[in-house]
Amino acid sequence: MFPRPIQEATAPKRYAYYAVVVIAVILWLLPLLAVMLTSIRSLEDLNAGNYWGLPREWKFSNYAEVFQQTPMARYLLNTVIITLPAVAGAIALAALAGFALAKYRFRGNLLLFCMFVGGNFVPFQILMVPVRNMTVRLGLYDTYWALIFFHLAFQTGFCTLFMRNFISTIPEALLESARVEGANEFRIFWSIILPLMRPALAALAVLIFTFIWNDYFWALVMVQSDAVKPVTTGLSALRGEWVASWQLISAGSIIAALPPVAMFFILQRQFISGLTLGAVK
Amino acid sequence: MNSTQQQSYLQPGGALRAKYRWLTNINVVPWIFLAPAVIIFAIYVVIPVFESFWLSLYDWDGLSPTKKFIGLDNYAGLVQDEQFWTSLKNNVYWLVLFMLGPVCGLAIALLLNQKVFGMRIVKSLFFFPFVLSGVVVGLVFSWFYDPTHGLLNTILGIFGIPPISPLSDEHLVTPSIIAAGLWPQIAYCMILYLTGLTAVDPEQIEAARIDGARGWKMLWHVIIPQLRPATFIAVVVTIVGALRSFDLVQVMTDGGPFGRSSILAYFMYQQSITNFRMGYGAAIATVLFLIMSVFIAFFLRQMIRTERR
Amino acid sequence: MIKRAVTSSLILVLACLSFTAKGEKLVINSNQSDPAPKAAFTKVVEEFKKQNPDLQVEFNTMDHEGYKTAIRNWLTTEPPDVVIWFAGNRMKAFVDRGLLDDVSDLWQKNNYDQAFKSTLPAMTVNGKQWGIPFAYYQWGVYYRKDIFEKYGISEPKTWDEFVAAGKKLKENGIIPLTIGTKFPWTAAGWFDYLDLRTNGFDFHIQLMDGKVPYTDPKVKEVFAKWKELLDAGFFLPNSSNYSWQESVPFLMNGKAGMILLGNFFTQTIPDNMHDKFGFFPFPTIKADIPDAEDAPVDTIHIPAKAKNKAGARKFLEFVATPETQQMIAEEIKELPANQNAKPPADPFLEAGAKLLANAKAAQFYDRDTNPEMATEGMKGFQEFMVYPSRIDSILQRLEKIEERVFKEQANEASSRVKGESNGGESSLKLVEPNSEKTLLGVR
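Residue numbers (the working numbering), protein chains in the order written: chain X, 254 to 534; chain Y, 9 to 317; chain E, 1004 to 1446.
I should point out that these hints are in silico values taken from the structure, not numbers from a laboratory.
Treat the hints with care, as some may be off.
[What the hints assert, rightly or not] Here are the simulated lysine-lysine pairs, DSSO-like style, with alpha carbons at most 30 Å apart:
#, chain 1, residue 1, chain 2, residue 2
1, E, Lys1173, E, Lys1153
2, E, Lys1214, Y, Lys76
3, E, Lys1310, E, Lys1131
4, E, Lys1046, E, Lys1112
5, E, Lys1120, E, Lys1345
6, E, Lys1071, Y, Lys76
7, E, Lys1410, Y, Lys75
8, Y, Lys76, E, Lys1308
9, E, Lys1148, E, Lys1170
10, E, Lys1046, X, Lys312
11, E, Lys1403, Y, Lys76
12, E, Lys1173, E, Lys1258
13, E, Lys1071, Y, Lys75
14, Y, Lys76, E, Lys1131
15, X, Lys266, Y, Lys123
16, E, Lys1403, Y, Lys97
17, E, Lys1131, E, Lys1312
18, X, Lys312, E, Lys1258
19, E, Lys1131, E, Lys1214
20, Y, Lys75, E, Lys1308
21, E, Lys1312, Y, Lys75
22, E, Lys1310, Y, Lys75
23, E, Lys1071, Y, Lys97
24, Y, Lys75, E, Lys1403
25, X, Lys312, E, Lys1336
26, Y, Lys75, E, Lys1131
27, E, Lys1258, E, Lys1336
28, E, Lys1071, E, Lys1310
29, E, Lys1279, X, Lys312
30, E, Lys1160, E, Lys1148
31, X, Lys266, Y, Lys225
32, E, Lys1410, Y, Lys76
33, Y, Lys75, E, Lys1214
Hey, can you work out the whole structure from these sequences and the hints?
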């Protein structure tokens, strides 16, 4: 593996490495520490300009207050309901499409690939009116499905690109030998490609989960009622016309950030495994 | 394995009935795989994009049921609009400076690519900025830059540098926002490279080590070529991110001071939504899209060329 | 694990979708996301629910900025039954496009033209009323009484006294005027007042309506006055760095002395500092120009496509009662729009009520003029504050935009109002110039 495993290095180098990592983590997380500090300040503190010093009052109660001032639990649930199906759907569709684009020659392969890549680059604000109108026409406005379908569709572009690139690194020989043994294409996909894709699927799941989880714009456009609102629009309801409750918003943002980080932590092993990707049978 | 009662498309013995066999025809199969993704993507993305191109030829406020056809007038207006050129220039800055994202992302991925106890937690910590909402990131960085209460000037003061006010200085504002945007972006690239590093062929590394390659040489000649797919995605994603960063601009400067930090995506949003000029906004989006397509085309060509090799 | 999550989430979704409402439903969407107004409206909704047990009321609060985007989507597709919005040009934008319901019948039935005499002009378009006002507030200068006392400064009434006060503060190391122009509407407050005091209410409204070019010498006079303050270094340096909320710490820490803002400012004063603050109206510049103020009005409306208009009307009537208006005013520390409601016992509001009793009132720059003009105008003010020497190029730019924007507005209006002989002229007037209608009281 690269770089050289640190266990092989001499002791001073090893300790230097640990020290560097620790310092890097602290520097990297300084802004995050600021957010955390803000989340336990009082509003008076912020209005007095005390952004970086120690809080004058330690208001851990802000975290409870977030749940009291807004239906935060409901928002979190809504976000889960919207994100999980969309992530699952986008990855599934993209795996299928990526496989087709990567491993088959047919007319229109390149064109379709360009379509997926291109659609990804669209500044999504401009889709607002057509997509909103279509959602209303389908009767899905202000429902979970509005957001699930949209995110599923939109993320498919990026996912297909990602999958196609990954699958194209799988050696052709693997598929050929399976075909020779009489497996049909669907079998090949299910039993050979998918298992090899695990690290890519995991990485993609984390990324897409985070995108959809943090989406604010589309939640604003497609959903009105508190019953269906996800956590992003829910939290920004704490930004008033005059006074922004930054301390509550910070607390809420930290809470809202935990699920994607948890997902990353859980699926990390998948990245590390998957060394079979380079193997040729 | 399957009961013939449930699966009437199978003959006894498991093979497909003749009339369904065309489904496994190698020319048909890819289309079956592609169909769901293509259909839903076309409905939600492709068709609305074309609708927007078409919309840019109209004068519409986004609310009335009537629109007025004005041909290319919106584009003519753009050329004369000072704010358009400022936003375009800022987008160029973003594109160039944001490329630090993949570079730093790779550096951090290499740093963390060790099987040390607790590395999993460290990796998750490095990933954290990416999952924070853009609003909060922008907020914290604006407090960092605050000329009176912010940390930046405190640090500069230690070195004896006089205080600066990045966000209200015409020239410093865009790099300052880009710095804020890089924080989550580097985390993103780091993940991509960590994934990529797991796919690097250990045999090639061993072979190169035996040949005496180490450090930079190893990195440049052996590792980076193998990271090409990850680099491709990282660059694509960074370009897309550079051209989109909406939340940060809105929270940190509202496009200011007086429009100097506005980017095309933000300019488009202001025109379409705040100023009730949907057609004009669509024209801006079209221009933005065309710019992005130049990059996509370039990269697609590169990628396909290397694959054909 | 993923599969289980997907199936369980799908089940949850289906369960939520199949939930049916009992009783008639009334949906209210609110942009009152600040803590105090949100509490106020929650109370109002609770009271209303008690009085109307057969109605199932759904009350949604959205953040103030996001609401402005979302409301455009709702009004044209599937709106709630009640929306909160602003009077003036903002309301007119929707009325002109047929998106709000005419509630003149409610006004006539309940004699609201008496109870809401002062806000009547702001609620009227084409002779009809389109919503119910519930609160408004004054703008003016809030200052540190204790700092003024320390340096022997009294409340300035005229421009010269004001400048002298500022100079005294500056001599003693205090920043005279704090301001945060990251979101440039605070600069628009300065423009409004300087224009109202230099050129009068009628001229100001004409400028808002696009009838006077920005390059007019009278407009330049406004900026010349502004420049006086800028040259003297009265304003907080690097103000475009700060939102108004971030400019407040300077006042709290005693580093700054005054701020020109609306009464919502008082929400940020900590309890133990209330007696350190005072209020005075913006000083007079020309003695012969009668006083005029900015007093934005908050309102509620019924969308034209609302489903439950009967229930919505009941809610509007409920909010219009003096009791409800008083309750809201108490909570949000603003003045009730209903003349029969008692304003809260707050020294700042009392000063405000006195101020607005005899003055003509404007809605504030970004509510009085065309939205696009407002955005560009405010950007121009922000730029002027940093580079006063660029005044000519700024005004020329605003002039060009004004021409285009109001021409388009007139064209749209005339194509909408088919067959009206005046073209678009009459529908543009919101407040009649030279009329005696005031916001508060009748002259």
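Structure-based check of each hint:
Distance restraint check for Lys1173/E and Lys1153/E: the Cα-Cα separation of roughly 14 Å lies within the 30 Å cut-off, and the hinted pair is therefore satisfied. As the CA atoms of Lys1214/E and Lys76/Y are separated by approximately 25 Å, the hinted pair is consistent with the 30 Å bound. For the suggested pair Lys1310/E and Lys1131/E, the alpha carbons sit about 22 Å apart, so the restraint of at most 30 Å is met. Among the hinted pairs, Lys1046/E with Lys1112/E is consistent with the structure: their alpha-carbon atoms are about 26 Å apart, no more than 30 Å.
The hinted pair formed by Lys1120/E and Lys1345/E meets the criterion: a straight-line CA distance of about 15 Å does not exceed 30 Å. Distance restraint check for Lys1071/E and Lys76/Y: the Cα-Cα separation of roughly 24 Å lies within the 30 Å cut-off, and the hinted pair is therefore satisfied. A distance of roughly 16 Å separates the Cα atoms of Lys1410/E and Lys75/Y; the hinted pair therefore holds under the 30 Å criterion. Restraint check for Lys76/Y and Lys1308/E: the C-alpha separation of about 24 Å stays at or below 30 Å, so the hint holds.
This hinted pair checks out: Lys1148/E and Lys1170/E have alpha carbons roughly 16 Å apart, not beyond 30 Å. With a CA separation close to 26 Å, the supplied pair Lys1046/E and Lys312/X stays within the 30 Å bound. Taking the CA atoms of Lys1403/E and Lys76/Y, the gap is about 22 Å. The hint holds against a cut of 30 Å. With a CA separation close to 10 Å, the supplied pair Lys1173/E and Lys1258/E stays within the 30 Å bound.
A hinted pair counts as satisfied when its Cα atoms are at most 30 Å apart, and Lys1071/E with Lys75/Y qualifies at roughly 22 Å. Only pairs whose Cα atoms come within 30 Å are accepted, and Lys76/Y paired with Lys1131/E is accepted, the gap being roughly 28 Å. For the hint linking Lys266/X to Lys123/Y, the alpha-carbon distance of about 15 Å falls within 30 Å, and the restraint holds. Of the supplied pair hints, the one linking Lys1403/E and Lys97/Y holds, its CA atoms being roughly 23 Å apart against a limit of 30 Å.
Using a Cα cut-off of 30 Å, the hinted pair Lys1131/E and Lys1312/E holds, with the two alpha carbons roughly 18 Å apart. Distance check on the hinted pair: Lys312/X and Lys1258/E sit about 27 Å apart at the alpha-carbon level, within 30 Å; holds. Distance check on the hinted pair: Lys1131/E and Lys1214/E sit about 24 Å apart at the alpha-carbon level, within 30 Å; holds. Between Lys75/Y and Lys1308/E, the direct Cα distance comes to roughly 21 Å. Compliance with the 30 Å bound is thereby established for this hinted pair.
Simply put, Lys1312/E and Lys75/Y have alpha-carbon atoms about 29 Å apart, close enough for the 30 Å limit, and the pair holds. About 27 Å separates the Cα atoms of Lys1310/E and Lys75/Y, which keeps this hinted pair within 30 Å; it holds. Between Lys1071/E and Lys97/Y the alpha-carbon distance is near 29 Å, which keeps this suggested pair within the 30 Å criterion. At roughly 23 Å between alpha-carbon atoms, Lys75/Y and Lys1403/E fall within 30 Å of each other, so this suggested pair holds.
The straight-line distance between the Cα atoms of Lys312/X and Lys1336/E is roughly 26 Å, inside the 30 Å bound, and the hint therefore holds. With a C-alpha separation of about 27 Å, the suggested pair Lys75/Y and Lys1131/E falls inside the 30 Å cut-off, and the hint holds. In summary, the hint linking Lys1258/E to Lys1336/E is supported, as the alpha carbons are separated by about 26 Å, within the 30 Å threshold. This hinted pair checks out: Lys1071/E and Lys1310/E have alpha carbons roughly 21 Å apart, not beyond 30 Å.
Of the pairs offered as hints, the one joining Lys1279/E and Lys312/X holds, with about 26 Å between alpha carbons and a cut-off of 30 Å not exceeded. Distance check on the hinted pair: Lys1160/E and Lys1148/E sit about 15 Å apart at the alpha-carbon level, within 30 Å; holds. The straight-line distance between the Cα atoms of Lys266/X and Lys225/Y is roughly 21 Å, inside the 30 Å bound, and the hint therefore holds. Under the criterion of a C-alpha separation no larger than 30 Å, the hint pairing Lys1410/E with Lys76/Y is consistent with the structure, at around 15 Å.
Simply put, Lys75/Y and Lys1214/E have alpha-carbon atoms about 26 Å apart, close enough for the 30 Å limit, and the pair holds.
Hint compliance for this structure: every hint is met.
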